[in-house]
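Participant: Spelled out, the chains give:
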Amino acid sequence: MSFETHFHETADALTALTQSGEVTTLGYNAERSDFVRFNRGLVRSAGTVTQRYARVHLIRGSRHADMTVTLAGNGEDRALLAATLDELRAVVEGAPEDPFLLYATEVTHTRTVQTAQLPSPEHIVEAVARAAGDTDLVGFYAAGPIVRGFANSLGQRNWHEVESFNLGWSLYHHADKAIQTSYAGDVWRDEEFEARMALAKSQHAALARPPRTVNPGRYRAWLTPAALQELTTMLAWGGFSGRARATRQSPLLRMQTGDASMSPLVTLREHLPGGIAPGFQADGFVRPDTVDLVVKGALGDALVSPRTAKEFSLAPNGASSSESPEALDMAAGTLARDEGLAQLGTGIWVGNLWYLNFSDRAACRVTGMTRFGTFWVEDGAIVAPLSVMRFDDSMFRLLGDRLEGLTAERDFLPSSATWRERAVDSARLPSALVSELTLTL
Amino acid sequence: MNHPLTSLFESLRCDGSFWSLRVVDERAESLSVRRDVAQPPSLSRDRGATVTVHADGGAGYAATSDLSREGLQDALDRATRWAKATAARSVTDYRAVPMPASVGEYESPGADAPFARAAWFDLLRAESAAAKIDESIVDWEASVEVRTAEHLLFTSHGGRVRQRYRFVLPSLYATANRGAITQTRTLRGLRGICQQGGIEVLERFGFLGAGRTVADEALALLGAPECPTGTMDVLLLPDQMILQIHESIGHPLELDRILGDERNFAGTSFVTPDMFGTYRYGSDLLNVTFDPTTPEEFASYRFDDDGTPAEKQHLIRKGILERPLGGLLSQRRAAMPGVANARADNWNRPPIDRMANLNLEAGDASLEEMVRSIERGVLMATNSSWSIDDSRNKFQFGCEYGRLIENGQLTTVVRNPNYRGVSASFWRSLKRVGSADTREVLGTPYCGKGEPAQIIRVGHASPACVFGDVEVFGGDA
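Chains D and S, in that order, give the protein sequences.
Letter 37 of the first sequence, counting from 1, is numbered 37 in my numbering, and no numbers are missing.
So the number in my numbering is just where the residue sits in the second sequence, counting from 1, plus 441.
None of these hints come from the bench; they were simulated from the model.
All values derive from a computational prediction rather than experimental measurement.
One or more of the hints may lead you astray.
Just so you have them, the derived chain D footprint on chain S, three or more residues with Cβ under 8 angstroms [unchecked claim]:
| id | region |
| --- | --- |
| 1 | 492-506 |
| 2 | 610-622 |
| 3 | 751-762 |
| 4 | 827-840 |
Computed Cβ-Cβ distance ranges for the label pairs, DEER-style [what the hints assert, rightly or not]:
| id | chain 1 | residue 1 | chain 2 | residue 2 | range |
| --- | --- | --- | --- | --- | --- |
| 5 | S | Pro550 | D | Gly155 | 23 to 33 angstroms |
| 6 | D | Asp12 | S | Thr713 | 53 to 63 angstroms |
| 7 | D | Glu97 | S | His444 | 49 to 59 angstroms |
Even for Gly, the Cβ is constructed at its ideal location relative to N, Cα and C.
Extracted from the complex, chain S is given alone in its bound form (with noise of 0.2 angstroms):
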């Protein structure tokens, strides 16, 4: 890797046995139509580096956003001084952390995509008016955001890695009011279409058109009868699916929340580390996998914040449980194998055992198929509520559409559609899953956890499925 701050890094001078400087370097930009009013544009480029150092058997970091070489001389020294005021209460010796030394390059596609400005304005109005069919319709917006980044690692090892991406999230949502009774429905959920790559991804979703498919959409909900209460089948497409594996199955596999990291904020896990090998975490149809290899999922890279290569793991295999979602630390902290996904969120954050892209592999199952095999039971569709305990057993989700099953047949739509359930038993009622083209690539970026806290993107590919006897309910009538 030719890169101008390489020299730089090798004018550091530092005596510790390890350090790495990681770069971040990101340009944004948001545009948005709401309410048939063009917002104004806002930009954003946040560039800075964190430098980790292990010293005596410690580790220390230190962020800034100065890049001068006096700027990171400072930070380097600020960081080995973490190092060894820690190192005799270090949750391990880092001196037997094996650091890679990778080097390498990746780029997401369509890195270097120009932005339209006046192009996507255009569009984005050309939705947002058409979104505008009814009184009743008292809120819309379609928008955009474009980001693209640069991340480089260098390492006192040899370590030289830089990695270009390009993301793009469109969403779209309409509001209904009458009375007292709301309902917004979107398209695909509040950022969950967020991919790598160009305006190719609009098309991947149908964004041209949706405009008025949300605005219908809601004005259905809104005369619709609230969702059925009891027990039932219910078929979850892909942008509800994504949100149930991101809370059951991804963060209840995370090393660091099994490690007990997270206790003091984003929770513990009901996973434990014996569970590994025999535990059946879901039917035999249950396959989930990291897959850092999808060109077009948000989450995907080359190596890791570690500089760990990062390669596809099957993480769940016919229902049975095989490996962690832990990066370098937590493996050698629980003795355990996991997968590279040590990722910070931005330059003034250090790693930790994030998802990535995590998803569940395609049936064989059509979704007019699966609708058939239902004798009564609840389309939901858009994830809308989220909730589940500490340990990410007992959760609550809600969804913007749901659409009554009876006697094979989908039926009647309905409003508030939630459904509740216990991780270690939902997925173990995984009836049926869904064919490849059921399946969708997702996403979110607002993915939570650590102390400092760390909003980080991960990617989710999922086909509709079906669940037995779920308990549903709706809202207040």
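Isolated chain D, as found in the complex (with noise of 0.2 angstroms):
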């Protein structure tokens, strides 16, 4: 049975299932997954999971819970989502009611099926051995469909399936020096992921160079879009969330109060039909295709859930519970990406950083290493790899008056996350030259 099948059976059981004064929703989350690993180039461990995740959610008045369960996939089913009502009714009976309970009444109907071409996984296995050759590959390989369905006993229905393959893998010189690549899409080609292997090959041979350790100070950088990623992934920790701009612990706060703002040059947005994510969310809202985050450095509108619009009165936009991009587009600038050495001059090439995290939240200062594929460049030109540094600095200072440019270039980066379920967020972001980066260790 296709998830999309057992998704309106799941629907139609549980809209069945309910009660005169009960409102039930349903979001499903299901996905069938390949999963390769690899390690030296040969496979470390390699496996199917197919996982049915439905979230019932049970509405009386102003009282209400939620259950997660899995779904077999079968017919038992029914009786699970049976039992599952029941508990939740005796829950809800004693619950507290809920000020700030809010769910979509608006009946809106959406589906969107974007399939995909995928080889088999015998041919993976060999594409990636072969194409590693002598070098120490360590990689990911995940593919397979990916949904989430939404439905309540008002009659709506939402079906949002992707189909994709994305591999990540590393080709490491020796200790931690290693370039870091991604092959993602919906069509596997040969072709391309051996283009991708070639280019990465090419850039490995600079590690062979002796590393440079530089002491701690400031440098010029050039970050990388997957760099700038993880500085934006900081931001999306609270910065653009409505609950957390209301309790006064975004990280933005010092835009809140007017005591800071990024370059002109910064604009990002929440930007749907760029992405992968789904155009609705738990509670059944549809979400509209593009919040404004930073508009030309100033502070824009935050992403609002049902439940932070209730409890704050805020207008809603259709924002999950967690209020963070799923799909953030940075505005592209003039740079030139294939004059990227040259306009850095001397300083840092920043490949990707990692483990960043706040040393001081209310300032947005950031703290985190740089990893792979970062270089030191003199006069436009690799002179060696970078032995890992620490940063810690303001994303206020980095994203303001030391940023000089975005390029005119982006790519869009999909997530490789897995955690508990494949993701769909995603993000399209320009490379980034700044002026100095603080490095502390």
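From the two separate chains plus the hints, produce the assembled complex.
Facilitator: Below is the structure:
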């Protein structure tokens, strides 16, 4: 049975079980994923995960509760749904009234389906092993359909299905010196994969040079889209959240209070048509295509979930409960990417950043490490790989007066995250040139 | 073990040299009172299985929530296909991996304790109400998550393991704001209180009455000066020590990292195989154990997810590195001894090397003695920020709460206390280890690594400790 058929059968069954005076909603998250993990060009683990999760939400007046259950995808699911509803009825009976309950009552149907042409798992194993050759390759392949569904007893149905693959790999030269590359999409082409591997191998050769260790201090730096994504991810730790702003916990608090701003070059928006996230959220609200988060350096709108809207008297805009972007889009600049080394001149080419966290959240000061593909550059030429360095700097400076420019070219970066389920969030980002990045250790 | 799934497992057919069925059935309920408003209860029941097959020297797995005979046989066939398809390119010949055939059971203390929802709500309401002590308190919450789980393992070699758990995770925070300054204080961090057992977990940490305490301390931080900058002693309380142990001992000692499995994601390790037996990881005072036997600790169990019997082992003794954190497969690949730590975070992920319970053994110094021993330094409590390089060496950690120590006395409260260092040298600066009465049994439900990614429960017990000549600093004033 297809996921979509199963979803509709589950929604119909739940609606049929719903009693007078009740509203039920169904959130349906499922995937069938092939996972292959490589180390030193060999297979470390390989398998398939098939999972179907249903979040059943029972609402009676202003009392409500939810329960997430695993569905088997067979004839036992109806009995499980009935038992789940019975359990929720007992919980809701004793639950307190909720002044902040808000759910979609306007019925809006949506359906998006994106299919893919995926190779067999055996083909992937052979293609990766063959392309790796005698290099030290470590990587991870994830592929298959991911689905998100919403239904309620008012008759609403929303369906979002994305089939894709995502192969990320690192070519290690020695110790922690490596180049990381990815190939993701919906149609696997051997020639495209081989071209990306060839490019990675050409960059890999530069790792053979003795690494350069620099002293703590401030350095001119070029941030690739992957490195910049680590920084924008930190902004998303509450920076765009309506709840975090209302409770003064946003890392962009100083922009709220008028004590800080970003460069006029910085425009950030949540832009669903540019990503692969669903256009609806768990309470059934359909989301606008675009929410302007930072406009030419000034704080824009927040992502406001229904609950936050009710609690803090804000206008909801279909955000999920996490109130973080799922399709972040940063406006392009005017720098040419292929002139990046020349624009940098002398400084650090940052291929990736790693393990970021706030050293002072209220000041939006962030620390983290350099990682893959990071080089010391002199006069526009790569001199040596850089020994890993810690940075500790304010985002208001990095994306403020120290931001010299952004590239006209942007990369689409689909998330490779697989925490509990494969992610459907993404970002579209340029490279950035900053006049100073503060290294501390 | 007499379980209804036994006969179902025995009816499955597979031509592999080994196969297993691992079933997880976990229930959870979360309750919360935030800003004095009870949040809607949230429940879950997560049930499914992974089958693992060794065939032709390769290995494969398939995970499914369809626990019917047809569903499991289909998964077994798919796992067999993976094993055969990858056999010629496998990192090891699985025919040489001696899979255990353990038989036994485990139960958490209070595994069958009832969940009293109404009583929990009353308790959480009281702590929430107690936290709103000032207009500057802008956010506050009292919450609890209770989980019960049954883990089953059946193997073709006759292994039959049943382990039943009950986990309790209470949490409290208060956030204070004035202008552009915001400070949050928690009770032992974000889900730092996490143990196996029942309501007694609350008593161990003074949860009742702590709503007021965290709010008082958040207000104190709001008016406090920034932590000073300089090189000085630090006295780390257990709710920061567990993070220090986790990041700069636990992860670098994971044998799969040392073997390179994690290099595309979680990272590698500065520790290499040749260091075991001789490398001085810390001062003579450093004794670290893998200990799955402390009943209340979060990741206690009798068998890991391969079925390997779990027992206490020293990883570091008197500062010298002895043993890595590696399960059966990693031990075989590295030709090194290890521990029983092959663990999966749920039914839909394969076991990999994890920390479980990783503890720093108590010393003999009282908290008062440790404070008196410091001429100039900072006491730091409760982790709030963590960052470390992919070899687990250069780190920077931040805490919620700091207090200056001047001439052997605790003095001014300071905010945004941070410190940085390098694992390879930091533990050698361990000057004092607190006695058992400074020790706390904590942990985290959020240890992440692996591809596909896994978030697993780990336990950490530690006394308070003093480190010398540490680079300390605060936030932006």
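Participant: Look at each hint and say if it fits the structure.
Facilitator: Results for each hint:
1. 492-506: holds (count 8)
2. 610-622: Holds, because 5 residues of the region 610-622 of chain S bring their Cβ atoms closer than 8 angstroms to Cβ atoms of chain D.
3. 751-762: n = 0 at 8 angstroms, threshold three: violated.
4. 827-840: holds (count 9)
5. S:Pro550 x D:Gly155: 23 to 33 angstroms: At 48 angstroms between Cβs, range violated.
6. D:Asp12 x S:Thr713: 53 to 63 angstroms: 58 angstroms, holds
7. D:Glu97 x S:His444: 49 to 59 angstroms: For His444 (chain S) against Glu97 (chain D), whose Cβ atoms are near 42 angstroms apart, the range 49 to 59 angstroms is violated.
When each numbered hint is compared with the structure, violations occur for hints 3, 5, 7.
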